[in-house]
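2 protein chains.
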Amino acid sequence: MKIHNFSAGPCILPPSVLEEAAAAVNDFNGLGLSLIEISHRSKDFVAVMEEARALTKELLNLPERFDVLFLQGGASLGFYTSAINLLPDGGQAAYVDSGTWSAKAIKEAKLLGDIHVVGSSKDSNYDRIPACDAPPAGSSFLHYTSNNTIFGTQFSGTPEAGVPLVADMSSDIFSRTFDANPYHIIYAGAQKNMGPAGTVMYAFDREPLGKTGRTLPSYLDLSVHASKDSMFNTPPVFPVYVTLLTLRWIKANGGVAAMQQRNEAKAQLIYSEIDRNPLFEGHAHVNSRSNMNATFRLTDDSKAERFDALWNSAGISGLKGHRSVGGYRASMYNALPIESVETLVETMRALEQEG
Amino acid sequence: MKIHNFSAGPCILPPSVLEEAAAAVNDFNGLGLSLIEISHRSKDFVAVMEEARALTKELLNLPERFDVLFLQGGASLGFYTSAINLLPDGGQAAYVDSGTWSAKAIKEAKLLGDIHVVGSSKDSNYDRIPACDAPPAGSSFLHYTSNNTIFGTQFSGTPEAGVPLVADMSSDIFSRTFDANPYHIIYAGAQKNMGPAGTVMYAFDREPLGKTGRTLPSYLDLSVHASKDSMFNTPPVFPVYVTLLTLRWIKANGGVAAMQQRNEAKAQLIYSEIDRNPLFEGHAHVNSRSNMNATFRLTDDSKAERFDALWNSAGISGLKGHRSVGGYRASMYNALPIESVETLVETMRALEQEG
Numbered sequence: 088m089k090i091h092n093f094s095a096g097p098c099i100l101p102p103s104v105l106e107e108a109a110a111a112v113n114d115f116n117g118l119g120l121s122l123i124e125i126s127h128r129s130k131d132f133v134a135v136m137e138e139a140r141a142l143t144k145e146l147l148n149l150p151e152r153f154d155v156l157f158l159q160g161g162a163s164l165g166f167y168t169s170a171i172n173l174l175p176d177g178g179q180a181a182y183v184d185s186g187t188w189s190a191k192a193i194k195e196a197k198l199l200g201d202i203h204v205v206g207s208s209k210d211s212n213y214d215r216i217p218a219c220d221a222p223p224a225g226s227s228f229l230h231y232t233s234n235n236t237i238f239g240t241q242f243s244g245t246p247e248a249g250v251p252l253v254a255d256m257s258s259d260i261f262s263r264t265f266d267a268n269p270y271h272i273i274y275a276g277a278q279k280n281m282g283p284a285g286t287v288m289y290a291f292d293r294e295p296l297g298k299t300g301r302t303l304p305s306y307l308d309l310s311v312h313a314s315k316d317s318m319f320n321t322p323p324v325f326p327v328y329v330t331l332l333t334l335r336w337i338k339a340n341g342g343v344a345a346m347q348q349r350n351e352a353k354a355q356l357i358y359s360e361i362d363r364n365p366l367f368e369g370h371a372h373v374n375s376r377s378n379m380n381a382t383f384r385l386t387d388d389s390k391a392e393r394f395d396a397l398w399n400s401a402g403i404s405g406l407k408g409h410r411s412v413g414g415y416r417a418s419m420y421n422a423l424p425i426e427s428v429e430t431l432v433e434t435m436r437a438l439e440q441e442g
Numbered sequence: 088m089k090i091h092n093f094s095a096g097p098c099i100l101p102p103s104v105l106e107e108a109a110a111a112v113n114d115f116n117g118l119g120l121s122l123i124e125i126s127h128r129s130k131d132f133v134a135v136m137e138e139a140r141a142l143t144k145e146l147l148n149l150p151e152r153f154d155v156l157f158l159q160g161g162a163s164l165g166f167y168t169s170a171i172n173l174l175p176d177g178g179q180a181a182y183v184d185s186g187t188w189s190a191k192a193i194k195e196a197k198l199l200g201d202i203h204v205v206g207s208s209k210d211s212n213y214d215r216i217p218a219c220d221a222p223p224a225g226s227s228f229l230h231y232t233s234n235n236t237i238f239g240t241q242f243s244g245t246p247e248a249g250v251p252l253v254a255d256m257s258s259d260i261f262s263r264t265f266d267a268n269p270y271h272i273i274y275a276g277a278q279k280n281m282g283p284a285g286t287v288m289y290a291f292d293r294e295p296l297g298k299t300g301r302t303l304p305s306y307l308d309l310s311v312h313a314s315k316d317s318m319f320n321t322p323p324v325f326p327v328y329v330t331l332l333t334l335r336w337i338k339a340n341g342g343v344a345a346m347q348q349r350n351e352a353k354a355q356l357i358y359s360e361i362d363r364n365p366l367f368e369g370h371a372h373v374n375s376r377s378n379m380n381a382t383f384r385l386t387d388d389s390k391a392e393r394f395d396a397l398w399n400s401a402g403i404s405g406l407k408g409h410r411s412v413g414g415y416r417a418s419m420y421n422a423l424p425i426e427s428v429e430t431l432v433e434t435m436r437a438l439e440q441e442g
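Respectively, the protein sequence lines represent chains A and B.
Per my numbering, the first sequence starts with residue 88, numbered consecutively.
Per my numbering, the second sequence starts with residue 88, numbered consecutively.
Hints in this document: simulated from the structure, not taken from any laboratory.
Among the hints, erroneous ones may be present.
Chain copies aren't distinguished; within one or between two, either way the pair holds.
What the hints assert, rightly or not - No more than 30 Å apart at the CA atoms, straight line, and that leaves these computed lysine-lysine pairs for DSS-like: (1) 407 x 298; (2) 209 x 144; (3) 194 x 338; (4) 298 x 209; (5) 130 x 89; (6) 191 x 298.
It should be emphasised that the depicted structure is a prediction, and the values quoted were computed from it without experimental measurement.
Put together the whole structure using the sequences plus the hints.
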């Protein structure tokens, strides 16, 4: 039976990417050696890293002044890394608190400076993107989480803040087009639309870096990594390679604009059913809904056992909601085919028809 | 033709490990899903992480009070992480400078406290493990690099320092037995004897942690990761899984003591030839020689082209020395069969016989 993988991350990747990745673990580029047993300084792997960086720049249409790195530590280390590279000693910055990961980013940044939370939806269990005050004068940047995986909310576009932006785009990078010009740093863990767990992408403007007055630990200094072409130390070879394969797949399938169209169609399908079917209700406010993660619940909890049986028997996997929200969460990243969303919608209709 | 992979790291892994790893990228545990597209919170992956941690503890015979984590950032982030977890604000520590990686560890630790270099072999291009002074009174720990991959030197045993030890064991962990009791923290990038690039193992005594008076960034706080069973954030799924497969292979092949026997036999073979053959000389002093990386050069450089042709045509790969040392480097990690060392020795003899 075909499995419909709605996992929130690590998540579905294109079948062709998985096949190529498995083949490279056996034999890479016909070298007679595995991808994971060759030197990262070999020309074969250097070419992987260079293509992954260049393709990121191309697919995201990044300005020439931007650099791209593939590092380790996930967005969880990125919370601290992004702040320590930009926040001057004794400086201040503005943060939007739109979910669990935003709150974690705020916690790490507070170790480094004066952090102003300019908007929060915590009191309503993060069911919306909050209205925000303007960043106070003197803020070095505004930080926000573009998509909130757990709560199923997403910024509908780029905030207009009047200060440079820093964004954690872990769960919607490469899912829609955007203009990177207003950003100083964009960071994103790979394990949603980009690749497997184990690497985090940083895209950043080189110019504003190195001006904090701090001496940074080398691994946290984006300028150090940039000066070494993302090879300051041994990179996470396999995650970077699978990321490259996924980026090639995005390009071959029409680029980010085409991904966006497909993602909008999938989101339209599931949200229409949530709104139409009296047995379901959404968690996120309509105008904050995410195209990546749709959060919803039954209006009558007594039907849970039956609904779970229906979607399980349809081959649907990873639909259980995060414990902070409950209910269900359909994660619909780039690689999820619309047929999987159709299957889910069929089970929702089947539940309704049973009466 | 069989390839003899002498790469210094990432390096050779057991063929059975590579086969199992490739299979899991296609379908993991018969789930119908790839290892890299399932949730890290799924019971299938939680079991991987738990077994990898438990097997590390068993194979290294770690004391009960020790904890084991598989994190990201490599030893390069470990230089800073190990120091920030143990060095009190305004504190001091002793470091041995035995090579490039030691020097990098010292640089990062100096950001955090008063660092005493108690011994250095820098002036002789790190051709030996230096004689060391006792750590000054008040030193929180002595840090050293157990094996110096680039220069081919290795501590012959555990230093007697009179203070707790911290060691970067990236390039000889799981290659020989040792008593972990004198250590506060052991850390090791996976990409030598343990697995692929992309994860770093920390083994540490829980008791001395959390006493620095600092508030640590969460990702750098080993106690935070320990409290979450090494799943504070999304772990590097594939590198951890391949590490587990390699640990299982070590256990199935007699454990660390058996690895040590094999490694000693391989080292004996290559060093005997270096000492016997008038065309070659070693870089490292005899009593500092590494069982992992043998560094050597031709006594007559004019024979380089011919020697390179000989070993290349024998299927030998990764033998070129690091630019800091020149010449050749034979890295002989656990998974390298003695037949590969025999092949190398044959090419050295063939060169001699050509006269």
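Numbers of the earlier hints that this structure fails to satisfy, in rising order | 1, 2, 3 and 4
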